[in-house]
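These protein sequence lines are chains A and B, in that order.
Numbering follows this note's numbering, with no gaps: position 17 of the first sequence is 17.
Numbering follows this note's numbering, with no gaps: position 330 of the second sequence is 455.
What the hints contain is simulated information worked out from the structure, not anything from laboratory work.
We put the CB at the ideal spot given by N, CA and C, even for glycine.
Heads up, a few of these hints could be off.
As the list claims (entries may be wrong) - What follows is a list of derived Cβ distance ranges for each label pair: (1) A/Ile5 <-> B/Val232: 47 to 57 Å; (2) B/Pro258 <-> A/Leu6: 46 to 56 Å; (3) B/Ala244 <-> A/His28: 24 to 34 Å; (4) B/Leu328 <-> A/Glu122: 42 to 52 Å; (5) A/Leu32 <-> B/Pro420: 49 to 59 Å; (6) A/Tyr106 <-> B/Ala392: 47 to 57 Å; (7) B/Ala244 <-> A/Ala71: 27 to 37 Å; (8) B/Arg222 <-> A/Leu111: 12 to 22 Å.
What the hints assert, rightly or not - Covered by chain A, per the in silico footprint, the following chain B stretches (three or more residues, Cβ under 8 Å): (9) 236 to 249; (10) 283 to 291; (11) 324 to 338; (12) 377 to 386.
Said to hold, decoys possible - Anything over 10 Å on all C-beta distances counts as not near chain A; from chain B, calculated: (13) Ala141; (14) Glu254; (15) Ile369; (16) Leu395; (17) Phe451; (18) Leu454.
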Amino acid sequence: MLEAILQQRYYITAVLLFTIGFVTLFLHPNLLKKIIGLNLMDTAVFLFLAAMGYVEGGVAPMLEEGQEWTAYINPVPGGLVLTGIVVAVSTTALFLALTQRLYRRYHSLNLDEILILARSGEEKH
Amino acid sequence: MKDNPQWLERVIQWAAGQEQEGPEGPEDPERQEFQEYLEYIDAHGYMEFGAYRYMRRRERAALGLDAVTEAIHNPPHQPNPPKPQHRPRRRPGLLRRQLWVYRVLSVGVALCLAVIFTAVALSLPGFGETDVPALNEVAQRYLERGMEETGAVNAVTGLILEYRAFDTFGESAVLFAAAVSTALLLNAPGRRLRNYRGPDPVLSTLGRSLLPVILLFGVYVVVNGHLSPGGGFSGGAVLGAGLILASLVLGEEEMDRLLPQRTMSRATTLALLAYGLMKGYSFFTGANHLGGEIPKGTPGAILSGGLILPLNLCVGVIVACTMYTFYTLFLSREE
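Put together the whole structure using the sequences plus the hints.
See the structure below:
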C-alpha cells in the first residue's frame, strides 16, 4: 500500500491539491479565496495531466533524427496542459473583474454579506 | 400651593373636582379647540378625523402657529440619510442551520471525491511506466513522423500549431474574449480619470538593466518555439511580464504614451485575424496538407516548419498584449 502510494505520489498530490481547492472554493466566504481555490483545482489538474505524460527515462520531445520514439515523453498531455493554462488564466481574469465590480457596488468581498445586501436592496426597490 | 406652576395647580384642582373655569373656559386655546372638534363631530355625525386635522392645520398655518407641527409632520429633508450599517455578524437561525448543513455536506462531498480519486489514482498504471494506454499510436505518430510532417523539432509546438492548430486558434480566441470582457467590466463609463503612478526609484534602477534582457528573452522564446522548448504561449507570457516591468520602470504615464490601450487591442485583433487567415489558407489549400503548399524547410533551421513561426509570432503577440491589458485594467484607479 505504502509502495503504491509512493509510486503514484504525483497523482496523490494532485488529488490532495484538488480536494484542498474544492473545500476552499465551497467553504470560504471571501470571493478572492474562492478564486484561489479554483486556481488550486486547476493546478491539480495540470499536475495530473503532466504526470500522466511522463515516461520513465524519457526526455523532452525535442526530436532528433534516428531516435526511437519511446525515448521521449508523451507530447499530447503537454498540449492539453497548455490549453488548460490559457483557459485558467482567462477565467481567473474574468472572475477577478467580476469580483472588483461586486466590491465597487457592495464594498465587501464576503459572499454572504453581498448576498444579504443584494437581497435587502431588492426589497427596497 | 403658590409655588406650584400653573398647569400643576390646574391638574390638582381638576383632580379635586373643583375647576376654576367652567367647561367652556375662555382662556384655554387647547380646550377650545377640543370643544370645536366635538362640535364638528356632532355636526357631521361621524369621526372625520383626518379632515378635521387638515382643517385645523390650515387654520393654524394661517395664524403662523404651525412651525412646530410642520417640523413634526414633514421633517426637513436630509440630502444624504446615513445608510444603516448592515453588517450582520450573526445570521438568523434558519439560515445558520442551513449553513451548517451546507458546510457538512461540502466537506462530505470533498472527502468522497478525495477517496474516489485516491482509489482511482492507486489503480492507474504506475507513474512513468512505458506500457500505459496513454502512449498509444497517436503519440507514436506525433513523435515518429512529427519532424517530417510539420518541420518542427519541438514536438509539442508541432502538435499544437500544426496538427491541432484549430484548437490553438480557439485558445487564442478565449484569451481575446477574456481580455475584451474584462475591459468591458472594468472600464465602466465615468471611470476615465486615472492618476498615474511614477516609477519607483529602486525598481527603476534595477529594472532598466533587466528590462532589455527580459524582452529579448521573450522574443527569443517566441521565435525559437519550433526549435527549442517554448513557443508563443510561454514566450508571450515572458514578453507580457517584460511589458509589465516596463510599466513599473518607465512609469505608467510614459507607458500609456508609448503603448496606449488602443494600440494593444488593435495588435491583439490583428494577430488573431492573421492567425485565422494563415491557418484558413493552410486548410483551404488542402486540408491536412495533402497538397503541401507551404515549404517546410530544413528541420532545425530558424526559417523552417512552414507556418509555425508566423503562427507562434501571432500567438506571442496575443498573449503578451492580453497579459499587459490585464495588468493595466486591474491597476488601482482614482474614482
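Evaluation of the provided hints:
no. : hint                              : in the structure
1   : A/Ile5 <-> B/Val232: 47 to 57 Å   : 23 Å, violated
2   : B/Pro258 <-> A/Leu6: 46 to 56 Å   : 22 Å, violated
3   : B/Ala244 <-> A/His28: 24 to 34 Å  : 27 Å, holds
4   : B/Leu328 <-> A/Glu122: 42 to 52 Å : 46 Å, holds
5   : A/Leu32 <-> B/Pro420: 49 to 59 Å  : 51 Å, holds
6   : A/Tyr106 <-> B/Ala392: 47 to 57 Å : 36 Å, violated
7   : B/Ala244 <-> A/Ala71: 27 to 37 Å  : 33 Å, holds
8   : B/Arg222 <-> A/Leu111: 12 to 22 Å : 18 Å, holds
9   : 236 to 249                        : holds (count 8)
10  : 283 to 291                        : holds (count 3)
11  : 324 to 338                        : violated (count 0)
12  : 377 to 386                        : violated (count 0)
13  : Ala141                            : 55 Å, holds
14  : Glu254                            : 7 Å, violated
15  : Ile369                            : 14 Å, holds
16  : Leu395                            : 19 Å, holds
17  : Phe451                            : 5 Å, violated
18  : Leu454                            : 7 Å, violated
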